[in-house]
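Peer 1: In case you want the letters, here they are:
Number of protein chains: 2
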Amino acid sequence: MDHLTPREFAAQGREVLDWIAAYWERVEDLPVLSRAKPGEIRGRLPREAPERGEPFDAVLRDLDEVVLPGVTHWQSPSFFAFFPSNLSGSSVLGELLSAGLGVQGMLWATSPACTEIETHVLDWMADLVGLPARFRSDGAGGGVIQDTASSATLTALLAARERATGFESNRVGVRAPLTAYGSEESHSSLLKAVRIAGLGSDNLRSIQAHPATRAALPDAFERLVEEDLAAGRLPAFVSVTLGTTSTGAFDPLRRIAEIARRRGLWVHVDAAMSGAAFLCPEFRHLQEGAELADSWCFNPHKWMFTNFDCDCFWVADRSALIRTLSVTPEYLRNRASESGEVFDYRDWQIPLGRRFRALKLWLVLRHYGAEGLRRHIREHVALGQEFLALVEAEPDFEVLAPAPLNHVTFRYRPKGAADPDALNMRLLHALNESGALYLTHTRVPAGIGLRMVVAQTQTTREHVLAAWRRIRDTARSA
Amino acid sequence: MDHLTPREFAAQGREVLDWIAAYWERVEDLPVLSRAKPGEIRGRLPREAPERGEPFDAVLRDLDEVVLPGVTHWQSPSFFAFFPSNLSGSSVLGELLSAGLGVQGMLWATSPACTEIETHVLDWMADLVGLPARFRSDGAGGGVIQDTASSATLTALLAARERATGFESNRVGVRAPLTAYGSEESHSSLLKAVRIAGLGSDNLRSIQAHPATRAALPDAFERLVEEDLAAGRLPAFVSVTLGTTSTGAFDPLRRIAEIARRRGLWVHVDAAMSGAAFLCPEFRHLQEGAELADSWCFNPHKWMFTNFDCDCFWVADRSALIRTLSVTPEYLRNRASESGEVFDYRDWQIPLGRRFRALKLWLVLRHYGAEGLRRHIREHVALGQEFLALVEAEPDFEVLAPAPLNHVTFRYRPKGAADPDALNMRLLHALNESGALYLTHTRVPAGIGLRMVVAQTQTTREHVLAAWRRIRDTARSA
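Heads up: the sequence lines are chains A and B, in that order. Mapping of the first sequence onto the numbering used here: position 164 corresponds to residue 240, and the numbering continues sequentially without gaps. Mapping of the second sequence onto the numbering used here: position 108 corresponds to residue 184, and the numbering continues sequentially without gaps.
Careful, some of the hints might be misleading.
Treat identical chains as interchangeable: a pair holds within one or across any two.
For lysine to aspartate or glutamate, the following EDC-like pairs were computed, each having C-alpha atoms within a straight-line distance of at most 20 Å [claimed, not checked]: (1) Lys113 to Asp138; (2) Lys491 to Asp549; (3) Lys113 to Glu470; (4) Lys491 to Glu468; (5) Lys113 to Glu414; (6) Lys113 to Glu455; (7) Lys491 to Glu474; (8) Lys491 to Glu116; (9) Lys113 to Asp214; (10) Lys113 to Asp420; (11) Lys113 to Glu244; (12) Lys113 to Glu406.
Note that these hints are calculated values from the structure, not bench results.
The following block holds chain A by itself, in its conformation from the complex (with noise of 0.2 Å):
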């Protein structure tokens, strides 16, 4: 088959717009967790590629047939598992330009609007943010998209690694005995970076949780910092967690940066989720301290209307960054780059390419106005706080865990009842084989709990309610 001409492209795409609207329509009657068995999708495929094309029909046809069986439904308004990947039309009409426009912004010289806007939309979400302004770019700071908090994490790492050997890591490799903390309550990344920036994982320390917040006991961090000091090892990473994805805990950012700044450590802050919310001033004391930072990271592809994938990256001192990451052959020398005055944001990141996101983000904030998006946030905080009331009005059910924003942790207990942990998990795949809802669960010192996150951008509070009968109904009648 040819090309699609241009007119081609727009007809077929009319096609698929529809069928996303039309999806997104529908989307709350479909059972939210996919019901397929493992090789069942792959088994509607036919064994050999196509040699010849196929007419669009068919693609269309296939969607409903083959694709969306296999499908959970993350932009179901009864999602409220892991934490959300919620998007709006508006993002998804920025990230249709931006593979419609096709530029890569690997150097500024490579499309300058890619990376001046991207640089001028990250300064305007760290003011929204309530960041200190040493993380914008008119200072020695600056902001980037990253695909996912995964890899701020291991940026924000190599960077300590890197500032913590006086940049000799990057030449020697990993041999000075550097040590990284984080939260027993850490996302999985933090380990996953600590490994593959060359560290090892016996050099991950794990602070210790408060047994009923679970947020990092700053006394526990100066403890392991102490100890690793005293026998000679070289504490350079501490990442504070705002929101865990556990429990949604907030660990003590000022006291922690201040003993880690004390002894020179790099200080990350992974508020994937949570960091939408400081949008809204009223909850900006969750983030206090955050002038002590050295990294920042939150991900609008979470709970800010855009889709997957956009993490906005702050460093307050970018030259870290660049120097951590810089390599540049012959082929990628060019006049703007050697003028010193541009960003070359290959040097932020792992990859070398990289696509034009900040279209989705910025069509985001214009769309809503920052207004907008402090009103959608401020409805779901209210709607987790109306869920956590509910939980809590119940003698049968338990909360597990502090709730100040939209994740709620909890578990069925009635009187007597043997095994929590197994129930709970009987109550959890009862739910979401139902197809009516989906949650997932996690395990806190006191056993199994299930996570409720609202944040799904069609969300309301009639989903919120019905969920929580749901809950309360299917508990009691097992």
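For this one, chain A is given, so just place chain B on it according to the hints.
Peer 2: Relative to chain A, chain B alone:
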């Protein structure tokens, strides 16, 4: 502003489709390399983020007035720089569908179709480009989509690092004296990966390339390995490039892989752009020895009409990869993963989250069919060969490296020219400033060369001939 309704989204989407279609129709009339000055694009943006939402018309207007002047047109038919990032209407619609579905593919369970279609399409692709069966998922291997070849190289290096140290480096850090190897013409991402993975650039050996062909010399590789072994070091990884960025050189895969496998090194093949050529059996002599590789990558987002990002990455032994990258906290545990019957692609890549990128590759394969893709690749190779013949025919031009496919490295070298490097850099800047085409340069032993890569979707014979006339006439009129 409130969320767009699905219908509002579809209506605005039509405007975006029409804008993109019109952009593709006029892109050949725009100056290929952006003429923006540093800061010029930012200067057109408001200082503060919008407090209130704006109508979509304002955004559409800014696409023309703010964005386009800052775009270097990678989709221009006269873009011959770097490596291409070609795309097609079909792939852009796949990207749009992926964005609209908004699923996360980190686990099989988080959307079985996302994983299974990816596994299946990568089996198709392995067959289509003539890779051995060991890379297919029905044996011990399998494929996955990475964002870029940089990430594929890093991922392969990490698996090699762990395999060479009995999976101990993940735990204790990089303590073993590991060494890695690649041609002096290897892509810069190899050096970056060696730094990130904690080996250190001192432990990356640069294999001498043949002065004329720029292909890695197997004897030189063998000597480096023997020296390292004699010194008690642990050779772990070699990257073989099929189609270097500088001149499109092909390393002798079989000879290097034979040496490497005798010593237990992991053999990674980086065929980022040229791997697409192997859709055509007549070019597969350039990948002879593929059955000896441990991992392989090529980028449909370069030369297979699939918009960025889409790197196909295969491993022969997926267990080494998974063991290297798997980290499972409680909140990611699920029945399907524990059954062992499914792939969880988060264990095949650096980040945790991932989009449904297989959709666009699936749409491209179904639109063109294998025969359509082969036809377009052959057209580009034929145009590359025609350009090569034109350069060779002129006594004041010189071809600087073998050009078996679509990438020609050459320079202007009239008799008696004093400083050919300065002359060719002036020629390059004059050409790019004309706006009529975009070329980039490289350095070979003889000096600076200009690179002509013919691979854009809309490029026809007329564009290549016009480029050649302009190059020749500009050179001679200086």
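Peer 1: Treating 20 Å as the Cα threshold, decide for lysine 491 and glutamate 468: within, between, both or neither.
Peer 2: Classified as within: same-chain Cα gap 15 Å, cross-chain 88 Å, threshold 20 Å.
Peer 1: What label fits lysine 491 with glutamate 474 when the C-alpha limit is 20 Å: within, between, both, or neither?
Peer 2: within (11 Å within a copy, 87 Å between copies)
Peer 1: What label fits lysine 113 with aspartate 214 when the C-alpha limit is 20 Å: within, between, both, or neither?
Peer 2: Classified as between; 17 Å across copies, 53 Å inside a copy.
Peer 1: Which holds for lysine 113 with glutamate 470 at a C-alpha limit of 20 Å: within a copy, between copies, both or neither?
Peer 2: neither (36 Å within a copy, 64 Å between copies)
Peer 1: From the Cα coordinates, with 20 Å as the cut-off, is the pair lysine 491 and glutamate 116 best called within, between, both, or neither?
Peer 2: neither (42 Å within a copy, 68 Å between copies)
Peer 1: Can you give me the call for lysine 113 and glutamate 406, within, between, both or neither, at a CA distance of at most 20 Å?
Peer 2: Neither way: lysine 113 and glutamate 406 sit 50 Å apart in one copy and 22 Å across, limit 20 Å.
Peer 1: Using 20 Å as the alpha-carbon threshold, which applies to lysine 113 and glutamate 244: within, between, both, or neither?
Peer 2: Neither: 50 Å inside a chain and 35 Å across chains, both beyond 20 Å.
Peer 1: Since the copies are identical, ignore which copy is meant and state whether lysine 113 and glutamate 414 lie within 20 Å (CA to CA) inside a copy, between copies, both or neither.
Peer 2: between (55 Å within a copy, 14 Å between copies)
Peer 1: With 20 Å as the alpha-carbon cut-off, assign the pair lysine 113 and aspartate 420 to within, between, both or neither.
Peer 2: between (45 Å within a copy, 14 Å between copies)
Peer 1: Reference check for the pair lysine 113 and aspartate 138, CA-CA at most 20 Å: within, between, both, or neither?
Peer 2: Within one copy only: 18 Å inside, 47 Å across.
Peer 1: My question is about lysine 113 and glutamate 455: at a cut-off of 20 Å on alpha-carbon distance, are they close within one copy, between copies, both, or neither?
Peer 2: Cα proximity of lysine 113 and glutamate 455: none, with 36 Å in one copy and 43 Å across.
Peer 1: How would you label the pair lysine 491, aspartate 549 (within, between, both, or neither) given a Cα cut-off of 20 Å?
Peer 2: For lysine 491 and aspartate 549, the Cα distance is within 20 Å only inside one copy (16 Å; across copies 90 Å).
Violated hints, listed in ascending order, are 3, 6, 8, 11 and 12; each of the other numbered hints is respected by the structure.
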